[in-house]
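Number of protein chains: 2
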Amino acid sequence: MKLNDRGLLIVLSGPSGVGKGTVRSALFQMKGHDLVYSVSMTTRKPRENEVHGREYYFVSREKFEDCIRAGKMLEYAEFVNNYYGTPLEPVQELLNAGKEVVLEIEVQGATQVREKMKDAVLIFIAPPSMDALYERLTSRGTEPPEIIRQRIEKAKREICLAYMYDYIVVNDTVENAADKIMAIIRAEHARVERTIHKYKELLEVNDESK
Amino acid sequence: MKLNDRGLLIVLSGPSGVGKGTVRSALFQMKGHDLVYSVSMTTRKPRENEVHGREYYFVSREKFEDCIRAGKMLEYAEFVNNYYGTPLEPVQELLNAGKEVVLEIEVQGATQVREKMKDAVLIFIAPPSMDALYERLTSRGTEPPEIIRQRIEKAKREICLAYMYDYIVVNDTVENAADKIMAIIRAEHARVERTIHKYKELLEVNDESK
Chain P
1 MKLNDRGLLI VLSGPSGVGK GTVRSALFQM KGHDLVYSVS MTTRKPRENE VHGREYYFVS
61 REKFEDCIRA GKMLEYAEFV NNYYGTPLEP VQELLNAGKE VVLEIEVQGA TQVREKMKDA
121 VLIFIAPPSM DALYERLTSR GTEPPEIIRQ RIEKAKREIC LAYMYDYIVV NDTVENAADK
181 IMAIIRAEHA RVERTIHKYK ELLEVNDESK
Chain R
211 MKLNDRGLLI VLSGPSGVGK GTVRSALFQM KGHDLVYSVS MTTRKPRENE VHGREYYFVS
271 REKFEDCIRA GKMLEYAEFV NNYYGTPLEP VQELLNAGKE VVLEIEVQGA TQVREKMKDA
331 VLIFIAPPSM DALYERLTSR GTEPPEIIRQ RIEKAKREIC LAYMYDYIVV NDTVENAADK
391 IMAIIRAEHA RVERTIHKYK ELLEVNDESK
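Listed in order, the protein sequences are those of chains P and R. For the first sequence, the working numbering assigns the number 1 to the initial residue and increments by one for each residue that follows. For the second sequence, the working numbering assigns the number 211 to the initial residue and increments by one for each residue that follows.
If you are wondering where the hints come from, they were derived from the structure by calculation, not from laboratory data. A couple of the hints might just be wrong.
Cut-off 25 Å, straight-line C-alpha distance, at most; resulting in silico cross-link-like pairs (BS3-like, lysine-lysine) [claimed, not checked]: (1) Lys408(R) <-> Lys20(P); (2) Lys200(P) <-> Lys364(R); (3) Lys200(P) <-> Lys230(R); (4) Lys230(R) <-> Lys31(P); (5) Lys230(R) <-> Lys156(P); (6) Lys364(R) <-> Lys198(P); (7) Lys156(P) <-> Lys408(R); (8) Lys154(P) <-> Lys408(R).
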């Protein structure tokens, strides 16, 4: 029996290189869930094979800035001269329809979600150690040592923001992390703040029939 | 990887007739858990087959009242001229040893635990409806209608206290309820309040090795 009809907004976030995308993908491959991924909006140009509305909504810089000014972004950030962000309206619609909406975003964006959606579930995906993060970043083999060093420094600052989240899930193995996130989603549906209103309503209705 | 070494105190509570004992039993039969049941103390006489230290610690009224005065009870209540309660010390020892300690107690006792152990996880086991609770109470076939009526009235008052809990788990089926409780236990271990201290410690230690 489900006492919480409204969907949950689940924010997966954490430092670059921690494996957010892999964990999200494992999560969506699990059975018996009702998860929906919220597509982000960006001003960067689509790469080959990328489809508007699937990987991203590709929009002009002008259109993105209009959305920011109109308060239509749940969160956004600028990287290397391009905007990336989550439009608010589709997220609201999905939540009202009882869907579990998953965002996979940077730490900067997650702190904006915390302010705008008090009942969002913020999950910090954490590396098992700084060494492990270092290894993951270098194993990509694509970036010079100086960039790696900068990413590590940024990760350290981001880890200090973990207290703003609701949960810390260590990505020791992808399966463990995905399992834990699923347990968190189930538990959050049972939290008193989300259920007590409906539950009392339910019992009062039955009262009247006596 | 476990970021929370300390065990959790898990309190299962709810109205009489809701099936607390059955849910607890199903929970303990699940695999891969580290749950320990905390044995209560009582002044009532042992029944046949009941063993001191297994079903209850059977003590004298004098000894029980000594424990209350000395602040040695985590929670207690008096029913039909007998005391029932949970001694604090064994619970503390189990928690320090990293065990998940499960209490199955009345609503009155749960509200006392809330005050004494701020980080306890309080789970309200709820009937799917008042009709269902009525049916469960009458199906025992042992109690006169007047007693049943009193129990229903008491249940209604207790349901109003559910807001003091952390979670509401509806006992629609025993398996569902036990599953949900297990998800809650896993999720609680990942909560930021319980993990952030250890997590930062861990990363600082690794920092020094660089």
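Against the structure, the hints:
no.	hint	in the structure
1	Lys408(R) <-> Lys20(P)	holds, 22 Å
2	Lys200(P) <-> Lys364(R)	holds, 15 Å
3	Lys200(P) <-> Lys230(R)	holds, 20 Å
4	Lys230(R) <-> Lys31(P)	violated, 29 Å
5	Lys230(R) <-> Lys156(P)	violated, 45 Å
6	Lys364(R) <-> Lys198(P)	holds, 20 Å
7	Lys156(P) <-> Lys408(R)	holds, 15 Å
8	Lys154(P) <-> Lys408(R)	holds, 20 Å
In the structure shown, a violation is registered for the earlier hints numbered 4, 5, in ascending order.
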